[in-house]
Amino acid sequence: MSTSTPAPQTPEGRPTSMPPVGRVATKDRPHGGVGDRFRLWWDAQARPTQWLIGVPFLIFIALVPILNIPVLTTVGTNFGGVMAQFGMIALIAIGLNVVVGQAGLLDLGYVGFYAIGAYTVAILTSPDSPWNQTDEWLSKDWAWLAALPIAVAITSLSGLILGSPTLRLRGDYLAIVTLGFGEIVRLLADNLDELTGGGQGLRGVAYPRVGVTEELPNGVFSAGNAAGTLNSGVWWYWLSLVFIVISLLLVGNLERSRVGRAWVAIREDEDAAEIMGVPTFRFKLWAFVIGASIGGVAGALYAGQVQFVIPTNFNVINSVLFLCAVVLGGQGNKLGVILGAFIIVYLPNFFLGRTELFGIPINGNEIASYRYLFFGIALVVLMIFRPQGLIPVRQKLLAYGRELYVAARRAAQAATRSGSDDGARPGAPAVATASGTTGAARPTAGGTRTGESTTDGEETR
Amino acid sequence: MPLLELQDMTVAYGRIEAVRGISITVEEGELVTLIGANGAGKTTTMRAISGIRPVSRGKVLFDGKDITKMKAHLRVLEGIVQAPEGRGIFPGMTVIENLEMGSYARTFASKAEHDETLDRVFDLFPRLAERKEQVGGTMSGGEQQMLAIGRALMARPRLLLLDEPSMGLAPMVIQQIFRIVSEINAPGTTVLLVEQNAQQALSRSDRAYVLETGEVVRTGGGKELLADSSIKEAYLGVA
Chain C
1 MSTSTPAPQT PEGRPTSMPP VGRVATKDRP HGGVGDRFRL WWDAQARPTQ WLIGVPFLIF
61 IALVPILNIP VLTTVGTNFG GVMAQFGMIA LIAIGLNVVV GQAGLLDLGY VGFYAIGAYT
121 VAILTSPDSP WNQTDEWLSK DWAWLAALPI AVAITSLSGL ILGSPTLRLR GDYLAIVTLG
181 FGEIVRLLAD NLDELTGGGQ GLRGVAYPRV GVTEELPNGV FSAGNAAGTL NSGVWWYWLS
241 LVFIVISLLL VGNLERSRVG RAWVAIREDE DAAEIMGVPT FRFKLWAFVI GASIGGVAGA
301 LYAGQVQFVI PTNFNVINSV LFLCAVVLGG QGNKLGVILG AFIIVYLPNF FLGRTELFGI
361 PINGNEIASY RYLFFGIALV VLMIFRPQGL IPVRQKLLAY GRELYVAARR AAQAATRSGS
421 DDGARPGAPA VATASGTTGA ARPTAGGTRT GESTTDGEET R
Chain E
462 MPLLELQDMT VAYGRIEAVR GISITVEEGE LVTLIGANGA GKTTTMRAIS GIRPVSRGKV
522 LFDGKDITKM KAHLRVLEGI VQAPEGRGIF PGMTVIENLE MGSYARTFAS KAEHDETLDR
582 VFDLFPRLAE RKEQVGGTMS GGEQQMLAIG RALMARPRLL LLDEPSMGLA PMVIQQIFRI
642 VSEINAPGTT VLLVEQNAQQ ALSRSDRAYV LETGEVVRTG GGKELLADSS IKEAYLGVA
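Protein chains in written order, with the working numbering: chain C, 1 to 461; chain E, 462 to 700.
Any given hint could be a false lead.
Listed next, with one range per pair, are the computed distances between beta-carbon atoms [unchecked claim]:
hint, chain 1, residue 1, chain 2, residue 2, range
1, C, 37, E, 576, 29 to 35 Å
2, E, 538, C, 160, 21 to 27 Å
3, E, 643, C, 384, 45 to 51 Å
4, C, 160, E, 462, 55 to 61 Å
5, C, 54, E, 568, 30 to 36 Å
6, C, 253, E, 584, 34 to 40 Å
7, E, 678, C, 317, 42 to 48 Å
8, C, 176, E, 532, 24 to 30 Å
9, E, 532, C, 363, 56 to 62 Å
10, E, 474, C, 160, 26 to 32 Å
11, C, 386, E, 538, 39 to 45 Å
Here are a few chain C residues that face chain E, going by a calculated C-beta distance under 8 Å [stated by the list, open to error]:
hint, residue
12, 128
13, 130
14, 187
15, 190
16, 193
17, 261
18, 265
19, 271
20, 275
21, 277
22, 278
23, 279
Calculated from the model, a selection of chain C residues having no Cβ within reach of chain E, i.e. all distances over 10 Å [claimed, not checked]:
hint, residue
24, 56
25, 59
26, 67
27, 210
28, 253
29, 264
30, 273
31, 276
32, 280
33, 339
34, 368
35, 373
Derived from the structure by calculation, the hints contain no laboratory data.
Bear in mind that the values here come from a model prediction, so they are computed numbers and not experimental data.
Cβ atoms here follow ideal geometry from the backbone N, Cα and C, with glycine treated the same way.
Start from the sequences and build out the full structure, keeping to the hints where you can.
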């Protein structure tokens, strides 16, 4: 082993002169975790297969509130309404995930964007508001839809305005400033009495008026549609699903692009990213603006569904709850944060009004009222045992974008066809011959990467 | 015309001037070292050159162009690439992903060029080739240092800034790192090295500057300074 002489100039000689490292086995340990295994399997499927599985799954998710599944369906509250709330929080979680999970910027004032989105719609369409447009040139029937892009534009603008000065700060400082922003928005809503109605709020916010029938004079989205399985909650849930799919496609494409790579680099080490030539400030601002606009959509949905906005609904505790959804689900993973949002919204409602569970008598209302306690405990437990979240992220940074992906998929298919049972790393042999040395080994990463491959945003701060 | 020229550069943290009016030149193809004790301003100088730290007075010229006010990420495009102190790799990315980040700004014209550069990095650091898929944060200190240098090389620097590559490493690894620094410099990549390990650094440098409390106190050829008795006393621990 004592090869400290400068003699071994051969590439083979050099590694032996390195001191042995204890963690050699780490990367070879085949415990990829369920998430990684699923991801690898999914990535290896052909596009049509992915559609074939994805679309029915999405349809099932959409039909959940009307299928009346025993146990799953809430008893104390309207299940459709719960799912509508879930849809909105999921959208928020996706938006917040861009900021917190992707770019690693701890934003504690995200509720501010949500409020701005909701108030924009309310101010433009509520009869209480001095700027109400529904009497003049906006028809009440499509006022909500018309206000939506305006809400998105204004929230992105507010993201830009908040981001430009504050994104020069880092870590804790950024968190504190954004926390202040959330409060400022709420206090403005509370105190600009003439415009926002102050503590009284704004009533009669417009909503999409479709599906008008004799029984439902205001359409399926109106609060009047409260009875039966196909109530307004379900319709709002479906509408939010549409926005969720749109934002997932948008955010997913960004993630796979140079923008996504820049975000990951910033999250991991901002200085290192900057000296690798990443314009960090610009990309942080981008993350902020994109996150803000998605929050604005969620706010608009909220205003339309509830038809009523008051400042107390935009408390800081909501920001924390949104963040909770993101952290719980898995920062940086889009599907993870949706699961997180579901847990945050669904669990308290699940217990609400329930008197027994699997034959055991429980006081559901009591449990539901302690939800913040349980979320707190859940977070502490999670941070100890699974800090990366329930469904952690696996970064996909690709040197040559999609083409390596496709290569991996082809290789995987070839491997499956040739009857290889080495399921753990289907890409390895075929890709190596297909696309040279460079990224050849990349696509196999999913199988060999281990749990510790994920770092959460805070760790690098 | 020197590749890099610092003219009377001052860098301050608040009211404290960490670097006070230093003037340094680095010619194309040279290996120049800054040595000095802790707090002499070596790392601050590096950060000012790479653009992470603003310059309060004086000028930074690169290839004759004034880059004093240029943003850090734009300096990479000019060819100034730093392997930061304390390794500064991306801990959650694999070796290969880290290396690919190196070429983020200076993208390759062709796949062939990309492969060639990557092969060169793997030639210099066979260790990295063995560990392509290993997560950066789980590697040893020496390997992380190699990765940081390799990542910087992926940007094909005109001027490579190495900030204390030997910090906290075992003597055997230090020797290896220095050998590789010479190897990088040999075909013409200009290297500016900051080191506390004066013996190794000076013996391999064309020229060196000695920094003390933010000022250049000595300058000369590497071997020449190595032989100097006052330098020996101050930095090499021999009387």
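Taking the hints in turn, this is what the structure says about them:
Under the hint 29 to 35 Å, the C-beta atoms of residue 37 of chain C and residue 576 of chain E, about 30 Å apart, fit the expected range. Against the hinted window of 21 to 27 Å, the Cβ-Cβ separation of residue 538 of chain E and residue 160 of chain C comes to about 25 Å, which satisfies the hint. At roughly 47 Å, the beta-carbon separation of residue 643 of chain E and residue 384 of chain C lies within the given 45 to 51 Å, and the hint holds. Against the hinted window of 55 to 61 Å, the Cβ-Cβ separation of residue 160 of chain C and residue 462 of chain E comes to about 42 Å, which falls outside the hint.
Range check, residue 54 of chain C to residue 568 of chain E: Cβ separation about 33 Å, and the 30 to 36 Å hint holds. The hinted window of 34 to 40 Å between residue 253 of chain C and residue 584 of chain E holds, with their beta carbons roughly 36 Å apart. One distance hint, 42 to 48 Å for the beta-carbon pair residue 678 of chain E and residue 317 of chain C, is violated here, with the actual separation near 59 Å. A hinted range of 24 to 30 Å holds for the C-beta pair residue 176 of chain C and residue 532 of chain E, which are about 26 Å apart.
The hint said 56 to 62 Å for the Cβ distance between residue 532 of chain E and residue 363 of chain C, and at roughly 60 Å that hint holds. Taking 26 to 32 Å as the suggested C-beta distance range, the pair residue 474 of chain E and residue 160 of chain C conforms, at roughly 30 Å. Between residue 386 of chain C and residue 538 of chain E the C-beta distance comes to about 41 Å, which sits within the given range of 39 to 45 Å. The beta carbon of residue 128 of chain C comes no nearer than 48 Å to any beta carbon in chain E, farther than 8 Å, and the hint placing it at the interface is violated.
The beta carbon of residue 130 of chain C comes no nearer than 45 Å to any beta carbon in chain E, farther than 8 Å, and the hint placing it at the interface is violated. Interface restraint check: residue 187 of chain C against chain E, minimum CB-CB distance 33 Å, threshold 8 Å, status violated. Below 8 Å, beta-carbon pairs count as interface contacts, and residue 190 of chain C has none with chain E, the closest being about 39 Å; its hint is therefore violated. Checking residue 193 of chain C against chain E by beta carbon gives a least distance of about 44 Å; that is not within 8 Å, so the hint is violated.
Contact between residue 261 of chain C and chain E, as hinted, is supported at the beta carbon level, the nearest pair being about 7 Å apart and thus within 8 Å. Look at residue 265 of chain C: its Cβ gets to within about 6 Å of chain E, closer than 8 Å, so that hint holds up. Here the hint on residue 271 of chain C is kept, as its CB sits about 6 Å from the closest CB of chain E, short of 8 Å. This hint holds: residue 275 of chain C has a C-beta 5 Å from the nearest C-beta of chain E, less than the 8 Å allowed.
Interface hint status for residue 277 of chain C: upheld, as the beta-carbon distance to the closest one in chain E is roughly 2 Å, under 8 Å. For residue 278 of chain C, the interface hint holds, the least distance from its beta-carbon to any beta-carbon of chain E being 6 Å, beneath 8 Å. Nearest Cβ of chain E to the Cβ of residue 279 of chain C: about 5 Å, under the 8 Å cut. The hint holds. Once the 10 Å rule is applied to beta carbons, residue 56 of chain C is consistent with being away from chain E; the minimum gap is 34 Å.
Remark: the non-interface label on residue 59 of chain C is consistent with the geometry, its nearest Cβ contact in chain E lying 35 Å away (cut-off 10 Å). Listed as outside the interface, residue 67 of chain C is consistent with that label: its C-beta sits roughly 40 Å from the nearest C-beta of chain E, beyond the 10 Å cut-off. Non-interface call for residue 210 of chain C relative to chain E: holds, since the shortest CB-CB distance, roughly 46 Å, exceeds 10 Å. Residue 253 of chain C, annotated as away from the interface, keeps every beta carbon of chain E farther than 10 Å; the closest lies near 18 Å.
For residue 264 of chain C, the shortest C-beta to C-beta distance to chain E comes to about 7 Å, within the 10 Å cut-off, and the non-interface label is violated. Once the 10 Å rule is applied to beta carbons, residue 273 of chain C is inconsistent with being away from chain E; the minimum gap is 8 Å. Remark: the non-interface label on residue 276 of chain C conflicts with the geometry, its nearest Cβ contact in chain E lying 5 Å away (cut-off 10 Å). Under the 10 Å C-beta cut-off, the non-interface status given to residue 280 of chain C relative to chain E is violated; the minimum distance is some 7 Å.
In this structure residue 339 of chain C is separated from chain E by more than 10 Å, as the shortest Cβ-Cβ distance comes to about 21 Å. Even its closest Cβ contact with chain E, about 37 Å, leaves residue 368 of chain C beyond 10 Å, as expected for a residue assigned away from the interface. The Cβ of residue 373 of chain C sits about 32 Å from the closest Cβ of chain E, beyond the 10 Å cut-off, so the non-interface label holds.
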